[in-house]
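Single-letter residue listing:
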Amino acid sequence: MPPRPRPRPRVAVVVFPGSNCEQDVAYALNWLGLDSAYVWHGDHSLDGFGAVVLPGGFSYGDYLRCGAIARFSPIMDAVTRFARAGRPVLGICNGFQILAEAHLLPGALLRNAGLKFICRDVALRVEARCDWLDAPTGSVLHLPINHNEGNFVCDSATLDDLRADDRVIVRYCDEEGRTDGVSAPNGALDNIAGITNAARNVFGLMPHPERAVDPTVGGSDGQLVFQSLLQQFTQEVF
Amino acid sequence: MNYEIYVTYRAGIFDPAGATARRGLEQIGFDGIHDLSIGKYIRLNTDATREQVTEMCEKLLANPVIEDYRIVETED
Numbered sequence: 003m004p005p006r007p008r009p010r011p012r013v014a015v016v017v018f019p020g021s022n023c024e025q026d027v028a029y030a031l032n033w034l035g036l037d038s039a040y041v042w043h044g045d046h047s048l049d050g051f052g053a054v055v056l057p058g059g060f061s062y063g064d065y066l067r068c069g070a071i072a073r074f075s076p077i078m079d080a081v082t083r084f085a086r087a088g089r090p091v092l093g094i095c096n097g098f099q100i101l102a103e104a105h106l107l108p109g110a111l112l113r114n115a116g117l118k119f120i121c122r123d124v125a126l127r128v129e130a131r132c133d134w135l136d137a138p139t140g141s142v143l144h145l146p147i148n149h150n151e152g153n154f155v156c157d158s159a160t161l162d163d164l165r166a167d168d169r170v171i172v173r174y175c176d177e178e179g180r181t182d183g184v185s186a187p188n189g190a191l192d193n194i195a196g197i198t199n200a201a202r203n204v205f206g207l208m209p210h211p212e213r214a215v216d217p218t219v220g221g222s223d224g225q226l227v228f229q230s231l232l233q234q235f236t237q238e239v240f
Numbered sequence: 187m188n189y190e191i192y193v194t195y196r197a198g199i200f201d202p203a204g205a206t207a208r209r210g211l212e213q214i215g216f217d218g219i220h221d222l223s224i225g226k227y228i229r230l231n232t233d234a235t236r237e238q239v240t241e242m243c244e245k246l247l248a249n250p251v252i253e254d255y256r257i258v259e260t261e262d
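Protein chains in written order, with this note's numbering: chain A, 3 to 240; chain B, 187 to 262.
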């Protein structure tokens, strides 16, 4: 008798009041054959989940600072423990802002330099690998951005650390993958669009990979992000 | 006790709203502006001590990565 297929772990998609990309994330995960479930921000547990996604949106209306209040939601204690245990945590757009406010990633996301909300596709150069992106360094991805506060900043010592440890995962670039002389659409320091933590299991990025999974609605480069997770789930024994 | 809290960007952090407001002033003829920055003003009525208000600023009201804050105790 052939062995029964082992059920893959589910991905938790955290819903804060004001999140608005959780269904896109669940759709993308489902499209790739990954199971997901919504977890309310007021919940306290991530037991049974293999990964966590903090989706985009406007948690708590972006009041005070983007992500500042969501960072203290009850579920965030579990997210912090999950991250510290080395489990995969992804923050997209507002999710990235929440991870930065929670100090699970360094730096902060300021208002776009041009003061405009930006909604368009951008070119991104892959700079390094992390648990959420296993693409060749130097390859160029196209993903949509959709934000008003994506202007990444950090102090110079933090920037030195990010560079030295190859923790910048994606940078805004031109179509040929050049970043020199190319300014980030939102003014982000060093063209930084996405970074990881020292253990490389926490990934935060402003672009929306979940909106570029189903090729009929906006490209397929976002598949790379979730496929890395799928590969890990396939290899790991739970 | 009443407190007034001023939250401003730390030195070296670009303030796009301040820069834009400054350009706007210059555009309508106000010359000689050397600096203009835009921050947040928070009024707080609380039984908390100044030490606790400092903790509120550190934890939530300001983000020390990008912002400075100044706490002023007021009478009324």
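The hints are simulated quantities; they were obtained by calculation from the structure and are not laboratory data.
Incorrect hints may have been included.
Partial list, derived from the structure: chain A residues whose beta carbon lies under 7 Å from chain B [claimed, not checked]:
# : residue
1 : Gly63
2 : Ala110
3 : Arg113
4 : Leu117
5 : Lys118
On a predicted model such as this, the values are computed, not experimentally measured, just so you know.
For each residue, glycine too, the CB sits at the ideal point set by N, CA and C.
Problem - Gly63(A) as an interface hint toward chain B, with CB separation required under 7 Å - result: violated (15 Å)
Exercise for the section: Could you check if Leu117(A) really has its C-beta closer than 7 Å to a C-beta on chain B? Expected result: holds (5 Å)
Exercise for the section: Let me know if the C-beta of Arg113(A) comes in closer than 7 Å to any C-beta of chain B, holds or violated. Expected result: Result: holds, 5 Å to nearest chain B Cβ.
Handout entry: Hint status (Cβ of Lys118(A) to nearest Cβ of chain B, threshold 7 Å)
Key = violated (10 Å)
Exercise for the section: Let me know if the C-beta of Ala110(A) comes in closer than 7 Å to any C-beta of chain B, holds or violated. Expected result: holds (5 Å)
When each numbered hint is compared with the structure, violations occur for hints 1 and 5.
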